[in-house]
Amino acid sequence: MTRAWDLDSVATELLACEGERRDREPFTDDWTDLDLDTAYAIQDETLRRRLARGERLVGVKLGLTSRAKQKRMGIDVPLVAWLTDAMVLPAGEPVPQGALIHPRVEPEIVFVMRDRLQGPGVTAVQALAAVDRVHGGAEVIDSRYRDFRFRLPDVVADNASSGAYVTGPVGLDPSGLDLTSEAVLVEVDGAVVDSATGAAVQGNPAEALALAVNDLGRRGHALEAGWVVLTGGMTDAVFAPPGASIACHFTNLGSVHISGGPREDS
Amino acid sequence: MDDAARLRLGAAELLLTAYETKKPVDPLVDLYPGLTLDDSYAIQQVQIEHRLAAGRTLKGHKVGLTSAAMQRQLGVDQPDYGQLLDDMFFLEHMAVPAGTYLQPRIEPEVAFVLKRPLAGPGVTVAEAVAAVDFVLPALEIIDSRIRDWKIGLLDTIADNASSGGVVLGSTPVGVGEVDLRLSGCVLHRNAEIVGTGAGGAVLGSPLSSLVWLANTVGARGVVLEAGHVILPGSITASVAVAPGDTFTAAFAGIGSVTARFAKEETR
Numbered sequence: 001m002t003r004a005w006d007l008d009s010v011a012t013e014l015l016a017c018e019g020e021r022r023d024r025e026p027f028t029d030d031w032t033d034l035d036l037d038t039a040y041a042i043q044d045e046t047l048r049r050r051l052a053r054g055e056r057l058v059g060v061k062l063g064l065t066s067r068a069k070q071k072r073m074g075i076d077v078p079l080v081a082w083l084t085d086a087m088v089l090p091a092g093e094p095v096p097q098g099a100l101i102h103p104r105v106e107p108e109i110v111f112v113m114r115d116r117l118q119g120p121g122v123t124a125v126q127a128l129a130a131v132d133r134v135h136g137g138a139e140v141i142d143s144r145y146r147d148f149r150f151r152l153p154d155v156v157a158d159n160a161s162s163g164a165y166v167t168g169p170v171g172l173d174p175s176g177l178d179l180t181s182e183a184v185l186v187e188v189d190g191a192v193v194d195s196a197t198g199a200a201v202q203g204n205p206a207e208a209l210a211l212a213v214n215d216l217g218r219r220g221h222a223l224e225a226g227w228v229v230l231t232g233g234m235t236d237a238v239f240a241p242p243g244a245s246i247a248c249h250f251t252n253l254g255s256v257h258i259s260g261g262p263r264e265d266s
Numbered sequence: 001m002d003d004a005a006r007l008r009l010g011a012a013e014l015l016l017t018a019y020e021t022k023k024p025v026d027p028l029v030d031l032y033p034g035l036t037l038d039d040s041y042a043i044q045q046v047q048i049e050h051r052l053a054a055g056r057t058l059k060g061h062k063v064g065l066t067s068a069a070m071q072r073q074l075g076v077d078q079p080d081y082g083q084l085l086d087d088m089f090f091l092e093h094m095a096v097p098a099g100t101y102l103q104p105r106i107e108p109e110v111a112f113v114l115k116r117p118l119a120g121p122g123v124t125v126a127e128a129v130a131a132v133d134f135v136l137p138a139l140e141i142i143d144s145r146i147r148d149w150k151i152g153l154l155d156t157i158a159d160n161a162s163s164g165g166v167v168l169g170s171t172p173v174g175v176g177e178v179d180l181r182l183s184g185c186v187l188h189r190n191a192e193i194v195g196t197g198a199g200g201a202v203l204g205s206p207l208s209s210l211v212w213l214a215n216t217v218g219a220r221g222v223v224l225e226a227g228h229v230i231l232p233g234s235i236t237a238s239v240a241v242a243p244g245d246t247f248t249a250a251f252a253g254i255g256s257v258t259a260r261f262a263k264e265e266t267r
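Each protein sequence line maps, in turn, to chains A and B. Letter 222 of the first sequence, counting from 1, is numbered 222 in the numbering used here, and no numbers are missing. Letter 233 of the second sequence, counting from 1, is numbered 233 in the numbering used here, and no numbers are missing.
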């Protein structure tokens, strides 16, 4: 059966999948000429509906900031999506398994903005000068697509696989910090599984920030003072099933711990 | 000479020939079914003794298979070691001649230099720290005398843990002055970032690797000597080397090291 999807029905279906914890095949299987502009319009429509139901806009996240992921998707710039207060995971809270479909965790460099920035034309140095604090963090990504199988317009429409995010306890002035060499060590159940530095994120998380500002500028938005910016996964995402214990240890930005919650059999 | 000794000599000769001819050999496990871990370390030792008899000197050890990814790939749960001889050391910024290696790859590491001997078994992290004089940024050149890097644990051990060479940086830092576990490393090939990681990618900490080495060779009666260089394992996945490449590894708090590879035509 082929359905005639449009902006409105895709937005409705994505939010329904999220609410019902249900995954599905990518829309581009049917809607083969879904383009990026329309995909971003769908993303904006889902935001409008989130705000209409009482959520507050708190910032943006970048997706596909690693060279490896960009090569897989055939793109050379990352994508930008929205963060609301409903996606905030308080420190110490387990992964909300009951609200997410197939959560995975990835460590990120997180900026909190001091000044409003309006793109396009903003450079990495200018963007960094508008940052108030930099934190370590972890994003719990999720996808409304079965097995995370999607094409670029699908993932743009799906708010770049947003789920939840945690910010670490240490907030530093970025001016004295070399973010390219700020490292993270990822442990699952006490065993090291991966590591990376900020250089894995667009060469420098400040470059990712500038890209976000300029992308928002083209879409008619500013990056507002006080907003949070998740700059993208430093390592590949790790699965976060019930019973798992995940730790992200940063060089200067402290540690973030996320529990997968109690095991289903306990 | 019994069958085991004949096997070990034969395998060692195959590998020594591969160094000479630059022609890789088939996996040893295919050529010698029934090969054991003891055979593999013995095959390594035959080659090392052959090279020492030819005038080379032992300058240290390397630990391999230290990352979760490599151990998964080879289906092992522990590292292995090889031995570093004087002719394997290249100076920073001086081009490594083309044709030196068969199928070289590069790995960024923080090298330990010992100020006193470390004799296992039974060495603790505390004793290992006390035995380290300083650390240096390092780029290890790994190479395989086995065709297409089709190695298992037994092949790489017999092949001196896929050792090739090493370039040491020139900025010694005290072992207590840097967080070896959480300090970051960025590897560049030419101007491109090709790998990043934290020291803890090496067995949770490079110091754990040093302790494992001291205790493992100690059980075979070998002491890690003062002045020797210990390469504890790679912080990132290894990257293939092409003629003309320049690699730089920058380590937070430790400094950087550069390795240059000559272009083919300057051979």
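Just so you know, the hints here were simulated from the structure itself, not pulled from any lab data. Every residue, glycine too, gets a C-beta built ideally from N, C-alpha and C. It is possible that part of the hints are untrue.
Said to hold, decoys possible - Going by beta-carbon spacing under 7 Å, a handful of chain B positions derived as facing chain A:
1) A198
2) G200
3) A252
Said to hold, decoys possible - Selected chain A positions facing chain B (in silico; Cβ < 7 Å):
4) T180
5) S181
6) A183
7) L185
8) V188
9) A196
10) A200
11) T251
12) S255
13) H257
14) S259
As the list claims (entries may be wrong) - Now the in silico label distances, taken between C-beta atoms and shown as ranges:
15) A:D29 / B:V76: 39 to 45 Å
16) A:D173 / B:V76: 41 to 47 Å
17) A:G19 / B:Q71: 38 to 44 Å
Against the structure, the hints:
Checking B:A198 against chain A: minimum C-beta separation of about 4 Å stays under 7 Å; hint holds. Because the closest C-beta pair between B:G200 and chain A is about 4 Å apart, less than 7 Å, the hint holds. Checking B:A252 against chain A by beta carbon gives a least distance of about 4 Å; that is within 7 Å, so the hint holds. Below 7 Å, beta-carbon pairs count as interface contacts, and A:T180 has one with chain B at about 6 Å; its hint therefore holds.
Interface restraint check for A:S181: the shortest CB-CB distance to chain B comes to about 4 Å, inside 7 Å, so the restraint holds. Hint on A:A183 holds. Least Cβ distance to chain B is approximately 3 Å, under the 7 Å limit. At about 4 Å, the closest approach between the beta carbon of A:L185 and any beta carbon in chain B falls short of 7 Å, and the interface hint on this residue holds. Below 7 Å, beta-carbon pairs count as interface contacts, and A:V188 has none with chain B, the closest being about 10 Å; its hint is therefore violated.
The beta carbon of A:A196 is positioned within 7 Å of a beta carbon in chain B (closest approach about 5 Å), and the interface hint is therefore held. Restraint check, A:A200 versus chain B: the minimum CB separation of about 5 Å is within 7 Å; hint holds. The restraint placing A:T251 at the interface with chain B holds, with a minimum CB-CB distance near 5 Å, inside the 7 Å limit. With 7 Å as the threshold, the beta carbon of A:S255 stays out of range of chain B, its nearest partner Cβ sitting at about 9 Å, so the hint is violated.
Interface restraint check for A:H257: the shortest CB-CB distance to chain B comes to about 15 Å, outside 7 Å, so the restraint is violated. Taking 7 Å as the C-beta contact cut-off toward chain B, the hint placing A:S259 at the interface is violated, the least distance being around 21 Å. At roughly 41 Å, the beta carbons of A:D29 and B:V76 sit within the given window of 39 to 45 Å. For the hinted restraint 41 to 47 Å between A:D173 and B:V76, the CB-CB distance of approximately 44 Å keeps it satisfied.
A hinted range of 38 to 44 Å holds for the C-beta pair A:G19 and B:Q71, which are about 41 Å apart.
Of the numbered hints stated above, those contradicted by the structure are hints 8, 12, 13, 14, listed in ascending order.
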